[in-house]
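K.L.:
Chain by chain, the residues run as shown.
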Amino acid sequence: MLSNVDWLDEKAAWPVAPPDPPPGAGTVAFLGDAALARMSDTNRSGTEGAATGAGDAAEPNAAARAAPEWVEHVTRIRDARDEAAFAELFAHFAPRVKAFLIRSGADGALAEECAQEVMATLWQKAHLFDPARASVSTWVFTIARNRRIDALRRQRRPEPEDLPWGPEAEPQQEDMLALQQDSERLAEALRALPEKQRHLIERAYFGELSHGEIAAETGLPLGTIKSRIRLALDRLRHALK
Amino acid sequence: MKTEITHHLTPQLLMAYSAGTLPEAFDLIVASHLSLCDACRAEAESYDAVGGALMEGETSEMSAGSLEATLRMIREGGAAEADAPCAAAPPATAELPRPIRDYIGGDLADVRWQGMGMGVRQAILPVDGPATARLLHIPAGAEVPDHGHKGTELTLVLKGAFRDEDGRFGPGDVEVADEAVEHTPVAEAGEDCICLAVTDAPLRFAGLMPRLAQPFLKI
Ligand SMILES: [Zn+2]
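Chains X and U, in that order, are what the protein sequence lines are.
Positions 572 to 812 (the numbering used here) are the ones given, in order, by the first sequence.
Positions 1457 to 1675 (the numbering used here) are the ones given, in order, by the second sequence.
In isolation and in its complexed conformation, chain X is listed as follows (with noise of 0.2 angstroms):
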């Protein structure tokens, strides 16, 4: 499937070609749908062993939805200002990027005042959120990551310059649903990698690797959903013609 050695090698030098194998090169085979599975999963919590504690244990439901249902709590707040959804969100993705703060170096108390912050920009900003390029998940983990730029490292995060979507660019429901079950296989094919390379990317994440040291091999299946962003980006484009 792909060599350990790429991954232990940490020196390798950097491919000046373009990264560009084509959609599905180099990924592990999809785990059937098992994301669907996952809806009814229980044994979710505690997938890591360095987990501080259930936080979601207060709302056994709010674990169990899929990324689908996700999008549609985050349309409630966009479109109603529905506190209900929101308190769904909270319960399942506050102690989440909490967990992702600690790791990262937060003490709790920042944690705690960060994860908050977060929370509150998920709903602030709830009509940018594009469910054709981008799962509540990885929506929720790019607001973290920019609050912990801002508050551990204290620096500017430039950010790519936007692609406005209008009327004209809303996604068509089934792209969006294929992404959306794209991001959970992703989901668990990260869960499914040998423990020493998901421990890279995990490394790769909380800032303990330089980018010289990152292994460009995740082996993760992220051609198709590389593939898919960049027909919504293809299709905002237009839009903007």
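The hints are simulated quantities; they were obtained by calculation from the structure and are not laboratory data.
As the structure is a prediction and not an experimental result, all values here were calculated from the model.
Check each hint, because a few of them may be wrong.
Among chain X residues calculated to face chain U with C-beta under 8 angstroms, some are [what the hints assert, rightly or not]:
hint, residue
1, 665
2, 667
3, 687
4, 706
5, 732
By construction, the Cβ of each residue, glycine as well, lies at the ideal position given by its N, Cα and C atoms.
Starting from the structure of chain X, add chain U with the ligand where the hints point.
P.N.:
Then chain U with the ligand, alone, in the frame of chain X:
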């Protein structure tokens, strides 16, 4: 995206940008390339999805009353700045990608260039952290200065083009060079070349003319 981009960012840089672990100057050049290159933008966003999947794996209990506190924050309008709708739309006439305009506080016409001799000009951008960022203006046909570098140097072409041993670099193309790379880029004839260059090595062209002359004499 007027021209075809042929030189892209590495997967390592895109993943590190998504992870949020790069120095600010590197974030700036990555964000600028992503503004021009949808292939790399899609790849970077797929790495965001990895971050989202990773974040799903662990929880840490929130304190009692945290939801109520957050709802209060929302009602009071705290946390995030309100977004002005349409503020994001780029002016149709913009010459530089928005991330760079943000650092200039304007567009290409507002850059405050400093002469470096031999017609080359530079403008250092105010980034924090261990890496530095500067705009370079190279006259058509002239050699790009200071390319025996330490550390990693990334160069993004904004206008014009340069050529070196690795080929031609036009608008949107980015050259990723580490210490091992020896090259002597030359701006193409016909049009001046404007680039954004970032490096994590100490900037050797810090400002005083006598020191500036030295690297040129080596060329
Ligand atoms: Zn690119």
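K.L.:
Tell me if residue 667(X) is really an interface residue toward chain U, meaning its C-beta lies closer than 8 angstroms to one of theirs.
P.N.:
holds (5 angstroms)
K.L.:
Can you verify the interface hint for residue 732(X): is its Cβ closer than 8 angstroms to any Cβ in chain U?
P.N.:
The hint holds - residue 732(X) has a Cβ within 8 angstroms of chain U, the shortest such distance being about 4 angstroms.
K.L.:
Should the hint that residue 665(X) touches chain U count as held when the rule is a Cβ pair under 8 angstroms?
P.N.:
holds (5 angstroms)
K.L.:
Does residue 706(X) pass the interface check with chain U, least Cβ-Cβ distance below 8 angstroms?
P.N.:
holds (6 angstroms)
K.L.:
Quick one, is the residue 687(X) hint okay against chain U at 8 angstroms, beta carbons?
P.N.:
Where the cut-off is 8 angstroms and the nearest Cβ of chain U is about 5 angstroms from residue 687(X), the hint holds.
Checked against the numbered hints given earlier, the structure satisfies every one of them.
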